[in-house]
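Peer 1: Single-letter residue listing:
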Amino acid sequence: MRPLPGTSTGVPPFSLAGGMMLLLITLLVLVTMPQAMAQAETEQNGIQVPNPSAELWRSVRQREGALPGRTQVQGVDSAMLINPYGERWRNFRMKELIPYGGYALGGMLLLLLLFYLVRGKIRVNAGLGDRKLFRYTLYERTIHWFTACTFLFLALTGLILLFGRSLLLPWMGPELFSLLASASKEGHNLFGPLFGVALLLVFFRFVRRNIYQKGDLTWLLKGGGIIGKGHVPSHFFNMGEKSMFWILVLVGSVIVGSGLILVFPLFGQGRISMELAHVSHAVTTLLMIVVILGHIYIGSVGMEGALDGMTTGYCDLNWAREHHAEWAERCEADGDVLDADEVSQRRGETVSGAAVSTRESSA
Amino acid sequence: MARMKFYCDAERCIECNACVTACKNENEVPWGVNRRRVVTIKDGEPGERSLSVACMHCSDAPCIAVCPVDCIYDTIDGVVLHDKDICIGCGYCFYACPFGAPQFPQEGAFGSRGKMDKCTFCAGGPEEDHSVEERRKYGSNRLAEGKLPLCAEMCSTKALLAGDANVIADIYRERVINRGASVLNRGVSYQNAAFRASRGMEGKSSVKE
Amino acid sequence: MIGELIDGPLWYFSLVVFIVGVLLRLFSILRAGLKPDLSPARGGATAGALRNLISRSIPRRDVATRGRMVLVAGYLFHVGLFALLFFAQPHVDFYAERITGFGWPALPYWAFIVSAEIAFIGLLMLWLHRLLHPVTRLLSSVDDHVGTGLVFLVMLTGCLALAQSFEALRLLHLFLAELLLIYFPFSSLMHAFTFTFSRSYSGAVMGRKGVNA
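Protein chains in written order, with my numbering: chain A, 1 to 363; chain B, 364 to 572; chain C, 573 to 785.
What the hints contain is simulated information worked out from the structure, not anything from laboratory work.
Keep in mind the model is a prediction, meaning the values are calculated, not measured.
Do not rely on the hints blindly, as some may be mistaken.
SDA-like, lysine to any residue: derived pairs with alpha carbons at most 20 Å apart [to be verified]:
1) B:Lys-447 with A:Leu-161
2) B:Lys-405 with A:Leu-56
3) B:Lys-405 with A:Pro-84
4) B:Lys-405 with A:Gln-72
5) A:Lys-121 with A:Tyr-297
6) B:Lys-478 with A:Gly-106
7) B:Lys-478 with A:Gly-75
8) B:Lys-478 with A:Phe-264
9) A:Lys-121 with A:Met-108
10) B:Lys-405 with A:Ser-78
11) A:Lys-95 with A:Leu-167
12) B:Lys-500 with C:Gln-736
13) B:Lys-521 with B:Glu-378
14) B:Lys-478 with C:Arg-742
15) B:Lys-447 with C:Ser-737
16) B:Lys-447 with A:Arg-165
17) B:Lys-387 with A:Gly-75
18) B:Lys-478 with A:Ser-78
19) B:Lys-447 with A:Leu-176
20) A:Lys-95 with B:Asp-433
21) A:Lys-95 with B:Met-419
22) B:Lys-478 with A:Leu-161
23) B:Lys-478 with A:Val-76
24) B:Lys-478 with A:Leu-176
25) B:Lys-447 with A:Ala-79
26) B:Lys-478 with C:Ser-737
27) A:Lys-95 with B:Ala-428
28) B:Lys-405 with A:Ala-79
29) B:Lys-510 with B:Met-419
30) C:Lys-607 with C:Phe-769
31) B:Lys-405 with A:Leu-176
Some residues of chain A that are not near chain B, with every Cβ distance over 10 Å (derived) [as the list claims (entries may be wrong)]:
32) Val-118
33) Asn-125
34) Thr-137
35) Val-197
36) Lys-214
37) Leu-220
38) Phe-237
39) Gly-257
40) Ala-306
Where a beta carbon is used, it is the ideal one built from N, C-alpha and C, also for glycine.
Starting from the given sequences, assemble the full structure and let the hints guide the process.
Peer 2: Here is the structure:
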């Protein structure tokens, strides 16, 4: 390595005084040199040496906004030399999305487990009785389970693609995992639009009952009856269910929209829009999965009597009184309460009950 | 070991697209796949420069990081290669790559892209060297023959350089020094130095001094 | 090893089972024939049969309103399945290579996928309806669920193998299709062929009686 000019490394040790003198001179030179150089430059009226490369690379790196060049090669974005967002997207996916997404999902599962251990299964205080209320028509149940099927399949395949490399690849081996990932990708792409269809069907069917009403705020303020023993009265859907519906509709439409951008790379959308679509798809989807985990929990192991309405179409009267008091009261006032025999007759379970109710099949 | 690099000298590239043609011919890539392309910045304006770009075989390659099936890897020579038997054609490498190097044979509806294809630095793929499979999937393997990528080898102005990063850097540094010297010597700006104005010459000149 | 078995012998075996089984069952139906009708004919039996064959594809008005979902889903499924079974490029290539020796124009990729989506919507809706409607739930036998499930699995594995680059996925799809072919003649899936008989037989009976049904 060459010593830098002006440093004191090359000073011979004549004497202390001489050394001091030399040091002073060097210091003087050091202080005045830049000035002298600047003077010389202006005097010469010097050659400006702007490096053209600097300008070139500035536009190549897209520092001053996207300025694509020209190329003989046809294709989306082919005239863009450097896409500065690629690295940002990579960092988001690898350093934020995968770890924090994993924490969010794991945290939600842990939370549900903890909640189950602390609160246990929410029982119907009055016990499950004989009397039922008709809750969901056949069509409503069908589209609900249709949405559920497509959502679960899409969530599973999507999670395989997102976390598979870190979780599955090490013990599956590259060949087998690649097979699974390819199957997941193709399945995800094909089933994606089905979720869009399901979302539309669910939206149009349930939107009227999901508009927020007067009692909803008190439900929220009382924490939906999660804390404490008392149940909060609500209409056909309570505040939580309504919020879940709107999350499904709003977040779901973002998911479907961004998914369509990703799955149809035909309309000249460049890398930047694909990256944005991917980011919004991933974030909203993880949010949706977390919400749906809660939905599945409360609908199955979390609450007694909650699943019946979506499987048989009839819910328990006592359950309805405790969880949807206002709806149950109205039904009772209208005389819509059915006893178990009537229900099984309507469902064709008794020998004599050959007639199927018109309400059941009119869906 | 050497780290293989491409370097394109923008002061020399004349946008002849010979590298693109050479690459297509040598590797027999399908239609629609362009492992290499030449991009012209400020086309037709002062300061026009062209650059030939392909996979730059990054040291910390984004494509390797984001691939969901981990099919992209770098060799001991610093060449970034990928395994087409593992690739699922998701397109993530294309999003992450700053240079737009990963190419897909199709851009169909419902995400049908086909397997990713990109510049291999003429180093084939994970298959056995010079096997039929390797030829079919990845094109030629010149590196195994001790040759450099054809695009750089047949660049007429030697703008595109390929090889060991240290050697490339030395060549380029020498060029930069020479250019700087010519600027000082002839007293023109760097911008004009490249154009060789007819300074001190008699006769007709299109350039007014 | 297993791949060769699926691709070779099992394929031919399932094809033989399918063809022989279907022919036997159709032959037995034909042999059973119709009970002799001694009353004087009031109309043409053939005309009635042909009319019924077509007219039964159009739902009656009350059926169309009461079971609208099943009707729509049923059409979606059958039309979609027909399109993707006979006009998807990979299938056309397969038939041309293995059975017919000649190909025919196939759907473009996007139309193939759209028909698959339509078929999936229909099949899922119909299966869920079968499970959720109390009456169809009781009426459904194991055979119905196995048949539906096999068709669903064949379609699903086909969709998973769409990349057409992983041999194992193709073989899985082919294997399930072979199971379906073997199962087909002995199940209610036979309605793909027998619907013509049931419609035209009842059409012929009604036509002879001079009833427009």
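Peer 1: For which of the previously enumerated hints does the structure constitute a violation, in increasing order of number?
Peer 2: 6, 21, 25 and 31
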